[in-house]
Structure formats: C-alpha cells, structure tokens
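Peer 1: Sequence:
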Amino acid sequence: MANDKTEKATPKKKEDSRKKGQVAKSADINGAAILLAGLIALSAAGPKAMQQMKIAMTQVIDLMAHPQVVDRQGVGTLFMMVGQHIGLAILPIVGTCFVAGLVAATAQVGLKPTPQAIKPDFKKLNPASGLKNLFNPQHFAFESGKNLIKTAIVGAIAAFAVFPKLDEMAALVGMPPQELIPLVGSMVMTIATRAAIAYLLIAAIDYAYQKHKHNKGLKMDKEEIKQEFKQQGLPAEIKSAQRRRAMELSRARMMDAVPTADVIVTNPTHYSVALKYSSGSSAPIVVAKGVDNLAFKIREAAKDAGVMIVPDPPLARTLYANVEIGRQIPEDMFHAVAQLLAYVYRVAGARKVAA
Numbered sequence: 000m001a002n003d004k005t006e007k008a009t010p011k012k013k014e015d016s017r018k019k020g021q022v023a024k025s026a027d028i029n030g031a032a033i034l035l036a037g038l039i040a041l042s043a044a045g046p047k048a049m050q051q052m053k054i055a056m057t058q059v060i061d062l063m064a065h066p067q068v069v070d071r072q073g074v075g076t077l078f079m080m081v082g083q084h085i086g087l088a089i090l091p092i093v094g095t096c097f098v099a100g101l102v103a104a105t106a107q108v109g110l111k112p113t114p115q116a117i118k119p120d121f122k123k124l125n126p127a128s129g130l131k132n133l134f135n136p137q138h139f140a141f142e143s144g145k146n147l148i149k150t151a152i153v154g155a156i157a158a159f160a161v162f163p164k165l166d167e168m169a170a171l172v173g174m175p176p177q178e179l180i181p182l183v184g185s186m187v188m189t190i191a192t193r194a195a196i197a198y199l200l201i202a203a204i205d206y207a208y209q210k211h212k213h214n215k216g217l218k219m220d221k222e223e224i225k226q227e228f229k230q231q232g233l234p235a236e237i238k239s240a241q242r243r244r245a246m247e248l249s250r251a252r253m254m255d256a257v258p259t260a261d262v263i264v265t266n267p268t269h270y271s272v273a274l275k276y277s278s279g280s281s282a283p284i285v286v287a288k289g290v291d292n293l294a295f296k297i298r299e300a301a302k303d304a305g306v307m308i309v310p311d312p313p314l315a316r317t318l319y320a321n322v323e324i325g326r327q328i329p330e331d332m333f334h335a336v337a338q339l340l341a342y343v344y345r346v347a348g349a350r351k352v353a354a
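Position one of the sequence shown corresponds to residue 0 (numbering that gives the first Met the number 0), numbered consecutively onward.
To be clear, the hints were calculated from the coordinates, so they are not data collected in a lab. C-beta: ideal position from N, C-alpha, C; glycine also. Treat the hints with caution; some may be incorrect.
[As the list claims (entries may be wrong)] The calculated lysine-lysine pairs, modelled on BS3-like cross-linking and capped at a C-alpha distance of 30 Å, are:
| # | residue 1 | residue 2 |
| --- | --- | --- |
| 1 | Lys12 | Lys221 |
| 2 | Lys7 | Lys164 |
| 3 | Lys19 | Lys302 |
| 4 | Lys351 | Lys4 |
| 5 | Lys145 | Lys7 |
| 6 | Lys145 | Lys19 |
| 7 | Lys24 | Lys215 |
| 8 | Lys212 | Lys13 |
| 9 | Lys24 | Lys12 |
| 10 | Lys18 | Lys4 |
[Stated by the list, open to error] Now the in silico label distances, taken between C-beta atoms and shown as ranges:
| # | residue 1 | residue 2 | range |
| --- | --- | --- | --- |
| 11 | Asn321 | Glu227 | 26 to 34 Å |
| 12 | Ser249 | Lys215 | 28 to 36 Å |
| 13 | Ala104 | Ser277 | 23 to 31 Å |
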C-alpha cells in the first residue's frame, strides 16, 4: 500500500527511475532562464542590434526611393544584405536563449543519456490520457493556482513600475521618436527584468515542489528494500535462475486460467488473448496472452477446454500491446469487446438450444 512506503528510495531505485527519464523537473525553470538570458542579451546586444536594423531599414528605404536605378539582380543582392543585417541583429539574442534553455534543462536532468526517455511512447499521444491529466483535481488546482500567482506577481510588478512614472509618461506625448524610443525601451526593460527575476523565484519554488513530489513517489516499503538488497547480494547466475523460475510459474498460472476464459481473441496465428467477464465486475479482464509459440499453446488449451476462439487481428494486437494479464480492459475498448462477447454468448446460447 502507498501508506506503507515510508522509506527513502535507494540509489538503485533512483538510478532506475532516471534511466526511464523520470526525474524532478520544472518547465518554469527553463522558461525563466530563457526569459532572463534573453533580456540580458537584449540589454548587451541591443544597441548593436538596433544599428544593424537601422542599416537594413535604410537600405530598403533607399531602394523604395530610387527603384529605377536597381535591376533584378541588384534587388536580390540588396535583400541578401538586409537579411544578413537582420540575422546579425537577432542571432546573438536567439543563441543566448538557446544556450540558457539547454543549460537549465541539463541542470535539472543531468548529462547522462536516458534512452528510454527519448524512445517513442504512443500512449503519450493518446488524447484521453492528456484529458485525464488535465482534469485531475489535484493537478488542475496546482497548475491553476501557480498560473494565477505568476499572473498576479507580474501584474503587480508592472503596476508598481508604471504608476510612479505616469507623470513622466504623460510628458512623453509629442516627444521626438529618437528621444521617445530609448525612454520607453528603458521602462519596458526594467519591467521585464523584474518580472523575469520574479518568474525565476516562482520557478525555483516549483522545482522544489516537483523534487519533493518525485522523491515521495519513489519511496519504498521495508519489504522492497529488503528484496533489493537481497537481489544485489546474489550472483548473476542465481538471479537469472530465479527470474526464469518466476517466469515459468507465472506462465503456468496463466495457462491454468485459459479454461476459465469466455473467449480467445486471435491474430489468428501470431497473437492470442484470453478474456474473461464475471457478472458484477466493471469490465472484462485479460487472463492470458501470448505471441507466436505461446499463442499457439493458449489456442490449444482453449480448444481442449471448449473455449471459443474468435479471429480479430486489430483487437488482438491492441489488447496484447496495451493490457497486462490480470488487468481490466480500458474504456476505449469497451465497445469492441462488448460486441465480441455478445457474439460469443449468442453462439453459446444457440449451441445449448441445439443440444
């Protein structure tokens, strides 16, 4: 039970979790680091970037003022030069943001590669899973509260920065652009920098919470720790023999459950999945499944027990890939399995009448 998991995770469990890509991380850390780095880069490279943009705009204006003296090749050359100036203006800022995001992500998850984390997981693409997470009360409340706090803090910072300068802002009306732009730019940078620092503090708090939540989820009970140390102390050959014996026992129990199934869904040669539905239960469960040779053995056991075998390749593959033995089928398979069981019960009823 979850309440029995009171012990801190062992180094092995932490490492196993990290290999799966399950580490404490906060998306806000990345966002805050990118925002702050972008503002610093903009502050440092801003004058030079503005100069490059000014050169680009001047070239475009000159072209528009004297279109008759520029041929088609000249236009292409001009636009290449304009693109070069714009690139020189924004590249340092974009590059700084990229490096900041990379450093922030690496600081959270580490430099060691985690192949399982980048392996495609099609369950993550399931919209139903995303909606379940979205409407999870605890997750929804936390994310909503966090976003409200971020919005309130940024709004308060902007208000405290703007209100004392309302008189100064009123005086900006009618000011020449060359004087207006630096003043407005300075005010915007001040507000944005303060907001970025506040965002970074919020992100640090969120990361601390995510780390606490992650460590709590990794907690173990005393029996798990005992088993882990026991396994670590055994030679590799004994561990392998134990695993093999456990698999054999599990397979034997599974084959014993085949005669109790209501139907065997097949591929029809590669996959076999045994389904059982008990009156009063919320959904059918998978009592056995196998591929290739094991699938053949399941079909043979079903024939001996008189369990109906129904070919349905798409359903068989889906059940095999997504439902573990002893688990109920998910909601998105209810309709297909219900139709299958209805067919099985009709055939069984007809056979009884004929007998």
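Peer 1: The structure should be examined with respect to each hint, and the outcome stated for every one.
Peer 2: Hints versus structure:
1. Lys12 <-> Lys221: holds (14 Å)
2. Lys7 <-> Lys164: violated (53 Å)
3. Lys19 <-> Lys302: violated (41 Å)
4. Lys351 <-> Lys4: Between Lys351 and Lys4 the Cα gap is close to 52 Å, so the pair fails against 30 Å, i.e. violated.
5. Lys145 <-> Lys7: Holds, at about 28 Å.
6. Lys145 <-> Lys19: holds (27 Å)
7. Lys24 <-> Lys215: Between Lys24 and Lys215 the Cα gap is close to 14 Å, so the pair holds against 30 Å.
8. Lys212 <-> Lys13: Holds - the C-alpha atoms of Lys13 and Lys212 are around 14 Å apart, at most 30 Å.
9. Lys24 <-> Lys12: Answer holds: Lys24 to Lys12 is near 18 Å, not above 30 Å.
10. Lys18 <-> Lys4: holds (22 Å)
11. Asn321 <-> Glu227: 26 to 34 Å: holds (29 Å)
12. Ser249 <-> Lys215: 28 to 36 Å: Holds, at about 30 Å.
13. Ala104 <-> Ser277: 23 to 31 Å: Violated, since Ala104 and Ser277 (Cβ atoms, about 48 Å apart) do not stay within the stated range.
Checked against the numbered hints listed earlier, the structure breaks hints 2, 3, 4, 13; every other hint is satisfied.
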